[in-house]
Every structure is written in C-alpha cells, then in structure tokens.
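Q: Since the structure of chain A is already known, use the hints to place chain B with the ligand on it.
The lines below spell out each chain.
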Amino acid sequence: MSTGTLYDKVWALHRVAELPGGQTQLFIGLHLIHEVTSPQAFAMLGERGLGVRHPERTVATVDHIVPTTDQGRPLADPLAEAMLSALEKNCADHGLRLHGFDSGQQGIVHVIAPELGLSQPGMTIACGDSHTSTHGAFGAIAFGIGTSQVRDVLASQSLALDKLNVRRISIHGSLAPGVFAKDVALHIIRRLGVKSGVGHAYEFAGSCVAAMAMEERMTLCNMAIEAGARCGYVNPDQVCFNYLHNRPCAPRGAAWQRAVAWWRSLASDGDAVYDDEVSMDAGEIAPTVTWGITPGQAMAVDEVVPTPDQLPPGERPLAQEAYRYMDLRPGQPIAGTPVDVCFIGSCTNGRISDLRDAALVARGRHVADGMKAFVVPGSQQVAQAAEAEGLDAVFTQAGFEWRRPGCSMCLAMNPDRLEGRQLSASSSNRNFKGRQGSASGRTLLMSPAMVAAAAISGVVTDVRTMLSTAKHTRTGPD
Amino acid sequence: MTPVPITTVEGRAIALQGHDIDTDRIIPARFLKIISFSGLGNHVFADDRAAAGGRHPFDYPEYQGARILVVNRNFGCGSSREHAPQALRRWGIAAVIGESFAEIFASNCLALGMPCLRGETRVVEGIQQLVQEQPDVHFRLTLAASTLHGLDRHWPLMIESGPQTMLLSGCWDATSLLLSHENELRQTALHLPYLHDFAPPG
Ligand code: SF4
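The listed protein sequences derive, respectively, from chains A and B. Under our numbering, residues 1 to 478 are what the first sequence spells out, in order. Under our numbering, residues 1 to 202 are what the second sequence spells out, in order.
Next up, chain A with everything else stripped away, as it sits in the complex (with noise of 0.2 Å):
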C-alpha cells in the first residue's frame, strides 16, 4: 500500500466515510460537464426530486457534439442541437455556469478548466469522460466517472470509490528535437500495455517530467487513461504555479501565497512509498506512431510494423486483427504509408503549444495534393491566441482548414469524421476501429508535428526530417 503519496494525501483529505460495500466516499472538489454524459443525470436528479449539491463546484461547458464549421443556433443536427438545449436548460435550472457559444471560453471540458484556472493542485476532479486524467498535470486527482456517478456527484458532491495502487513512472533525461510529450505518453503505453495501469493511479516523475510545460503534462496525463490508469498526475512545482498564476479563478492577493503553500506540501514526499516503479530513458523515445487498433499498437516512425514473432504470445492475436483491419503487413515500414486526412486537435492536443508545433512545420509548405488537412483548436481561446499570432493564416496558406473549437475528428458525435476505409493521421488519443466516425475508419495516432508533417507530405513522415529547416524551438512564450 502506497503512503506519503500526493495521491494518498489527497485521498486522505477528501475522504468522508467508509461504505458498507467496503468503498471510500470521496468529497468532490471539482464537477466538470458536458452536453453528453449529463442530460440523463440531470434526469434522474428530477426524478428523484434532488438539486445540484455544490452548484459553484459545477462547471459546464459543450464540446462533443458541436460542429466545428457553422456553431449557429440552432445546430443542424437537430439530435446535437437538442443535446446542447438540455444542457442549457439543466444550468440554467440548477445556477451552473455554462461556458456556451457566446462566453468566448467554449471549448473541451479537459482544456477550458485548465486554462480557466480551475484545476487545482490537490483538489479531486471527475467528469463524465475518461481523459479526465488529463488534469491530474496539476497534481489533482482527477478521473472519468459513468453516467451515474455524475449523478451522485450532482446530488451530494461525492462519489464512492476503491482507493487506487500508485506506480511512479520516472522518465529521465531529455527529449530529442522532434519528440513530444505526445510520443512519451505513447511510448510509456507501448512499453507497459494499454491494461497495465488497471487499478493504479500514475505519477509521472523525472527530470524529463520536471522540464515539460504544462501543456505537455497535459497531454502526458491525458493518454493515463490509455494505459488503463484511471488517473495520473504530476507533483505540483513552480511551473505548475506559474501556469496558474492571474488565471481567472486562481486565488489572487493573499490567498494565493496561502494556496502555493498548502499545494507545496501536497506533493509526494522525499521517502513516498510506492506500489510499484518504473522507470524509462527519455533519450531512447522517437517520433511514435501507432500501427493498429489499440494506442499500444504503436512503433516508432523508423521501425517496421512488427512481426508477430517480436510480440509476446498474448499480444499476437490482437496484432493480426490490426493488420487485417489497418491493411498494413507485419515488417513494412509505417513512414512512407499514404495518408487521407490529418486531423489536428482534441483535449490530447489541441493546445496553444501544440498548434505552435504544428505551425513549425507548416509555415512556407503546403499540404498535399488531393489531402484534407484540419486544425480544430480545443478552445476559444486557444483559437484566439492562435489567431493573434497568426498562425491560423499559417495553416490556411499552408492548405488546412482552420476550424470552430470542439472534439470534432476525435470522435464520432458530431459532422467530422472518416469516410470508407480512409486513412488519418490524427493527434488524438483513440485508435479504436471506428472511433474516427467510419465502421471501417483507421487512425494513426502521433503528435501534432508529426500531423502536419504527414499533411504536407502526404505520407506518414519522420519529423525530424522536416526539421532542420523549420528551427524547431520547444518553449513558446507559454
């Protein structure tokens, strides 16, 4: 059993009783929603003639359903408009704050919250989505939860859970030029297997972890979730503060060195014990892409796809339905494969820094011939920090479609998807068959530099290689 963890100190705190089932009920700090995952909870609050306990610790915003061209109201699909109109109405019949079309902070729940402010060091988190784990960047302990515990959590700001292992998983050294935080976090699941975090929370540690930006903690602590962790996390430090420092709903004045002191001490201590350990050398991580249907199908771009030979036992079955299903052959090189569309966006990276990344290797080229090329920021004000630096006229002139924030290509709940058997080079977290919108659909999960590298080749393509001409730099003025 861990101890001295920040998880165990933060279980600790936000621990109300022991259940008779043997669960935990665990206090709440942060409710997140969503138009998807919220209308049936709400319904069944109505049917229970029970209110939103904390309504200042709900927060909502709409992302999943939304159309990323035309965001007029109402909504062409009238299914996504009626979805978004029950939202409305939900917050608005409850007092939650909605941050709808016209807040100028729409975007995807696991973007807005971070840049609001919102997510906090030390605070639980839950949202009705898996990549949840997303805010655990900020030493939060934060996880996707079902429909009915979103209702649980309306009605009494808590939930009843099983307490979590820890694995620390300490990456050191530093990343080469053209290696993103997106390709450790699908190295990390290509190494220990998309169920090897089943039943554990992750911290990730290291001096590779200490010198990533909060976007790329972000991004890390998004795909947890891919490694079957319900949550990870990153012990809070001065970036962390930094990153929060003047955001909207960050304490102010006084209260702001109060709460830097109070996140100081939730961090892991020096003798934590921990579940388990791993650890991995950042230098030996390449561009990663994946080849099959699962992101721990994946390879760096200048392996070949494996053969089943070099898979274990366990894993070969799985392997041959990803090459029937991806028609790619066991020992062909992936860089080179043609590519249909690239998509750029989702809570995985649909950052600011991640569309500088992107814009690195798009600036003065042009995206292939016959290629459909788009970048949906993952918020409103993602996208317009983007357009005050210009890079959406980047993309534009460069032949991508600069898009209206939402989830768009990452899943298939709204106009963006695949069609037929095409082919995406995409910087979201899902590989699934037919997540990308198309029964037959295949995805290629990689960073956002690799996206734009493929776009404007046409072909899966080493970054790298596009890089020496586009000085490449991994710290924006974020």
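Since the hints were made in silico from the structure, they are not lab data. Please note: incorrect hints may appear among the correct ones.
[Unchecked claim] Cβ pair distances, simulated, as ranges:
| hint | chain 1 | residue 1 | chain 2 | residue 2 | range |
| --- | --- | --- | --- | --- | --- |
| 1 | A | Gln384 | B | Ala50 | 36 to 42 Å |
| 2 | B | Thr7 | A | Asp93 | 31 to 37 Å |
| 3 | B | His196 | A | Ala211 | 30 to 36 Å |
| 4 | B | Gln64 | A | Asp93 | 31 to 37 Å |
| 5 | B | Ala52 | A | Gly51 | 41 to 47 Å |
| 6 | B | Ala50 | A | Ala76 | 26 to 32 Å |
[Stated by the list, open to error] List of simulated lysine-lysine pairs, DSSO-like, C-alpha gap at most 27 Å:
| hint | chain 1 | residue 1 | chain 2 | residue 2 |
| --- | --- | --- | --- | --- |
| 7 | A | Lys195 | A | Lys433 |
| 8 | B | Lys33 | A | Lys89 |
| 9 | A | Lys195 | A | Lys163 |
| 10 | B | Lys33 | A | Lys433 |
| 11 | A | Lys89 | A | Lys163 |
| 12 | A | Lys9 | A | Lys195 |
All values reported here derive from a predicted model rather than from experimental measurement. Heads up, the beta-carbon is just placed ideally off N, CA and C, and yes, glycines get one too.
A: Frame of chain A; chain B with the ligand shown alone:
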C-alpha cells in the same frame, strides 16, 4: 431518501439464448445520442430485433410485461455503457438470471437496484426451457435465499454477498447512501482550504 430494500422480484420471465451478448447488441451505439434514458426501452436489442424481423423474444406478445430476464454466459460484455441496463430496465426487466455476467454490466445493474443472479448451466437452461414452453408462469425470485420459485418448483441461484447485502439493505442506491452522510460531507468540505480559504472560482 429512505433506502428501498430489494427482497423479491415477481412476475413472468423472458428467455434470451446465446453467449457473449454485448452491450452494443443490448443497445446499439447510435441510441447514445439522446438526452434521457426514458425512451431507451423501445430500442433494447434494436438491431437484433430488426434482423429477426419481429421473431425476437422481446417482440413476442406473450413476453410483453415480463420482469425476469434469463440469459446464458458472459451477458453484458463489451462497452461499459450504462445505457444497456437502463434500456432493459425501461423495457420492464427488474432482475436478470444468467450463467455469468460481465463485471461492469453487473455493477451497473446493481446501481439501478436490478439484481443479477447466476445459476449453473443446467439450472439456467431448465428455466429457459420452461419459460419458452409456458410463457405465462408466474415466478418469484427471493434474494435472501437466492432461489427462484415457479409452478411448485424451485431453482438454486447464486449472488455474491456484497451485492446481496446491498440490495437487501437498500444500500444499492449509491446516491441515497452518499446523501446519508450529511455531517461527514460537511466536515470534509470544511477542512478543504480551496473551498474556503482561496478565492473559490466564480
Ligand atoms: S477531444 Fe476526444 S477524448 Fe477529448 S473529451 Fe473530446 S471526445 Fe473525449
């Protein structure tokens, strides 16, 4: 809210044969784009029923109003969607008997107060056969004893003691249980500095 103990489920039964029936079959993904679970009952097994052209147990008139669903192995596998038990529930099912259940499906059912009981293959198949031959038999499922009665016969079933206790005591309903700790909730909130000491978001 006061706990609602679930001790018995009574009514007619419906048998659905087959192993590994996943939640996508119970409620296809396209029905997730909805704002309320209430209409889901109409769509339970939508694709299977369409493919069967009305020759599906859930369409036969003699099984309308049935309360106990009898299935085979690994029922409810696949996606963790809560829509699956919700759809069954909204159709009218109040308890499920099967050879085995996918773990998440069973816990989603528990959260709705819908018991899932297991029986040996012979037992389950025997019940299914009876339901098919005589759809009008009135059954009585007794949670405390884990048995099913009907037509002067009885069948032994199994349920883990955790869920059994939760159902019998009425503690299956997480919301009520969580709300019953009003004092503890307030105490915990009181000691979280970000709720009081640092400017709360707003
Ligand atoms: S961007 Fe994708 S993973 Fe993220 S919240 Fe939206 S749908 Fe979910």
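Q: Each hint: holds or not?
A: Checked hints:
1. Gln384(A) to Ala50(B): 36 to 42 Å: With a Cβ separation near 47 Å, Gln384(A) and Ala50(B) fall outside 36 to 42 Å, so the hint is violated.
2. Thr7(B) to Asp93(A): 31 to 37 Å: With a Cβ separation near 36 Å, Thr7(B) and Asp93(A) satisfy 31 to 37 Å, so the hint holds.
3. His196(B) to Ala211(A): 30 to 36 Å: holds (35 Å)
4. Gln64(B) to Asp93(A): 31 to 37 Å: Once the Cβ atoms are compared, 35 Å apart, the range 31 to 37 Å for Asp93(A) and Gln64(B) holds.
5. Ala52(B) to Gly51(A): 41 to 47 Å: holds (44 Å)
6. Ala50(B) to Ala76(A): 26 to 32 Å: holds (27 Å)
7. Lys195(A) to Lys433(A): holds (18 Å)
8. Lys33(B) to Lys89(A): holds (17 Å)
9. Lys195(A) to Lys163(A): The given pair, whose Cα atoms are some 18 Å apart, holds under the 27 Å limit.
10. Lys33(B) to Lys433(A): holds (19 Å)
11. Lys89(A) to Lys163(A): At roughly 35 Å apart (the allowed maximum being 27 Å), Lys163(A) and Lys89(A) break the hint.
12. Lys9(A) to Lys195(A): holds (25 Å)
Hints 1 and 11 from the earlier list are contradicted by this structure; the remaining hints agree with it.
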